[in-house]
Amino acid sequence: MVVKKIYTMGIDIGSTTSKTVIMLNKKEIVGQAVIPVGTGTSGPLRSIEAALKSAGIAREEVSFTVATGYGRNSIRQAQLKLSELSCHAKGAVWLYPPVRTVIDIGGQDIKVMSISEDGKLQNFVMNDKCAAGTGRFLEVMARVLEARLSDLGELDARAKNYVEISSTCTVFAESEVISRLSQGADICDLVAGIHRSVAVRVAALANRLGVVEPVFITGGVSLNSGVIRALEAELGVRVWTDARANLAGAIGAALSARP
Amino acid sequence: MTEKNTSGEKIPAKQRLKEIAEKVTREAWEAKKRGEKIGWCASNFPQEITTTMGIPVVYPENHAAAVGAKGGGQRMCEYAESMGYSSDLCSYSCINFAFTDIGECQELNIPLPDFLLCCNNICNCMIKWYENLAFKLDIPLLLIDIPRLSNFTCDDDRIRYIRAQFDDCILKLQEITGKTWDEEKFKKVMDISLRSSKAWLKAVDYAKYVPSPYSGFDIFNNMAVACVARGTEEAAEAFEQLAEEYEANVKNGITTFKGEEKYRVLFEGIACWAYLGFTYRTLRDFGINITSTIYGPAFSFLYQNVDELMAAYSYVPNCNCFEREVELRVKDAIAKKVDGAIIHMNRSCKNWSGKLYELERQLRLQAGIPTVVFDGDQCDPRAFSEAQFITRIKALIEIMEENRRKKEELNE
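Which chain is which? The protein sequence lines are G and Z, in order. Quick note: the first sequence, position 18, residue 22 per our numbering, numbers continuous. Quick note: the second sequence, position 56, residue 63 per our numbering, numbers continuous.
Among the clues, some could well be false.
Think about it this way: if two alpha-carbon atoms lie no more than 27 angstroms apart in a straight line, the pair counts; the simulated DSS-like pairs of lysine-lysine are [what the hints assert, rightly or not]:
id, chain 1, residue 1, chain 2, residue 2
1, G, 30, Z, 362
2, G, 133, Z, 21
3, Z, 258, Z, 21
4, G, 133, Z, 362
5, Z, 357, G, 133
6, Z, 414, G, 124
Covered stretches of chain Z, going by a simulated chain G footprint (3 or more residues, C-beta under 8 angstroms) [as the list claims (entries may be wrong)]:
id, segment
7, 368-381
8, 386-399
Hints listed in this document are in silico derivations from the structure and should not be mistaken for laboratory results. The model shown is predicted, which means the values in this text are computed figures rather than measured ones. A virtual CB, placed ideally from N, CA and C, is assigned to each residue, including glycine.
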């Protein structure tokens with residue numbers, strides 16, 4: 005029997021990045037793209053084009069498209085628009101089936117989701133309007149430290165201690181980091197302190213919901229091993245991830261395609 | 008009694024209630040013009056005093072809510088900030104400080120006060136708000152101090168404490184206004200207030216039917232009279248008519264909710280007045296009806312005698328002990344068959360917001376419903392984000408939908 009090839013597309017338009025995933029028969033990822041600009045920019049279209057190119061298929065071959073994220077309503081070709089919470093939950097379960105708690109740290113949001121035993125989103129909590137602890141917070145800090153965002157995890161690994169960052173406000177924390185730098189603080193210890201401040205905030209949110217193991221992290225910040233280490237220390241549990249966890253929202257969207 | 012217009016058509020209760028609320032402000036203006044002393048009054052101050060004595064009062068909280076709903080919130084808050092008030096203060100108070108300084112407001116004007124009546128049963132910050140007004144305007148401030156309940160019920164000591172202040176307030180108001188106290192009239196006002204309260208509660212309670220015979224936003228629109236005029240005969244009649252209309256809706260299978268009621272939710276907190284239209288349309292378009300809220304029914308007071316009246320003013324939402332607060336919500340959520348809860352983290356109201364995370368946890372545990380918290384403010388539009396609100400509501404819907412699917416599977 006020849007299995008028909010059904011391509012589904014999931015597009016996750018966040019506040020800072022645009023992610024697109026193309027799945028074959030909802031079984032495997034055959035195309036993916038991440039463009040580092042989000043809603044209201046050229047990012048969404050560029051990510052769609054890049055994902056199609058990486059899958060080696062034409063747009064017409066995609067049978068169903070689902071959009072998620074803050075910019076979901078701007079994607080005209082999407083037949084279905086879902087909240088990023090459901091999509092991240094679904095994507096996380098696909099990447100790591102035993103998951104019971106998902107932590108998603110995106111550009112502007114932190115979400116903690118509880119997953120039922122049968123892999124469904126049960127409840128969630130989100131950060132308030134403050135951007136402290138989000139991906140944007142880390143971007144601002146990386147700029148101050150003249151470090152690349154992708155290097156933060158490695159710098160953290162070299163830390164001997166951590167520098168206390170007490171401000172929760174991104175702008176105030178930036179001033180605090182600058183002042184610590186001028187006092188001669190070690191950059192690795194500063195990075196570890198920044199990651200710890202993120203972890204403390206995320207852990208408070210997670211504990212409010214109730215942490216059930218296993219815990220899995222998604223979103224762009226899941227690529228930062230320093231944040232994961234700090235989170236594990238704060239929560240006292242192992243935090244699992246996957247190299248594709250930054251695509252969890254888009255994966256969940258592609259999996260939500262109908263039928 | 009059903010009121011009719013000049014064409015002999017029945018005036019809907021909603022219209023009557025709107026007119027009653029407007030009349031309160033109009034009468035205060037007329038009294039002011041006649042040279043009578045008029046007051047500004049906290050929303051949960053025992054209105055039995057002013058109604059019995061025939062003293063006109065207006066309510067700064069209601070005024071601020073109206074200004075917020077008509078789009079003036081940000082302008083007035085920014086004006087107050089330019090006067091030196093912190094943006095962390097309650098937006099009702101900021102709007103009121105700005106109004107007091109300017110002396111007028113394009114959205115709605117109220118007469119300036121000759122005295123102030125404060126009651127802290129809903130908010131302790133209110134004492135500072137009213138002290139500030141008393142200082143600025145150099146007018147008397149009468150306070151009835153009703154501390155938060157530490158137990159489930161209001162005990163005799165507390166009742167005596169409240170009653171002593173109640174009696175003292177009457178004496179002071181006689182001195183300030185020259186008006187007198189009439190015990191017989193007081194009894195009558197108590198009877199009418201009880202009638203209004205019962206009718207208002209009865210009307211609100213019809214949301215237990217599926218579908219609800221009314222849109223939850225009707226509560227936000229109709230509740231003003233329960234606050235400002237529940238001691239009047241016309242308010243009692245209008246609320247009784249409202250209950251009759253909802254009863255008729257149930258019998259006829261109709262509702263004021265526009266569209267299909269797909270989901271029923273508990274709404275926690277004060278409405279976002281500045282985004283009342285947006286939140287209404289968003290929830291309506293998703294088929295979400297608010298069938299449970301303690302905010303509107305909070306302006307009903309049930310009592311059989313004077314001591315019970317004193318106790319009743321301890322049972323307002325922000326004065327109850329936390330356990331009673333939880334029980335109120337959980338019982339109502341179950342009775343009104345809600346699928347989830349939408350919780351307003353109101354930046355203005357530290358008293359109300361401070362307990363919300365635990366309240367949310369208890370709702371999940373005891374009522375077994377999914378919940379969502381959104382940031383906002385009762386009047387300051389700067390604390391609300393439309394996109395963040397929609398994202399949270401959409402996610403709540405997806406969970407409510409999944410819960411329903413599972414329930415149906417179990418029933419099959």
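Taking the hints in turn, this is what the structure says about them:
At roughly 43 angstroms between alpha-carbon atoms, residue 30(G) and residue 362(Z) are farther apart than 27 angstroms, so this suggested pair is violated. Under the criterion of a C-alpha separation no larger than 27 angstroms, the hint pairing residue 133(G) with residue 21(Z) is inconsistent with the structure, at around 36 angstroms. Restraint check for residue 258(Z) and residue 21(Z): the C-alpha separation of about 19 angstroms stays at or below 27 angstroms, so the hint holds. At most 27 angstroms may separate the alpha-carbon atoms for a hinted pair to count; residue 133(G) and residue 362(Z) meet this at roughly 18 angstroms.
In summary, the hint linking residue 357(Z) to residue 133(G) is supported, as the alpha carbons are separated by about 16 angstroms, within the 27 angstroms threshold. Taking the CA atoms of residue 414(Z) and residue 124(G), the gap is about 14 angstroms. The hint holds against a cut of 27 angstroms. For the segment 368-381 of chain Z, the assignment as covered by chain G holds, since 6 residues bring a beta-carbon within under 8 angstroms of that chain's beta-carbons and 3 suffice. By the rule of at least three residues with a Cβ nearer than 8 angstroms to a Cβ of chain G, the coverage given for the segment 386-399 of chain Z holds, with 6 such residues.
Checked against the numbered hints above, the structure violates hints 1 and 2; every other hint is satisfied.
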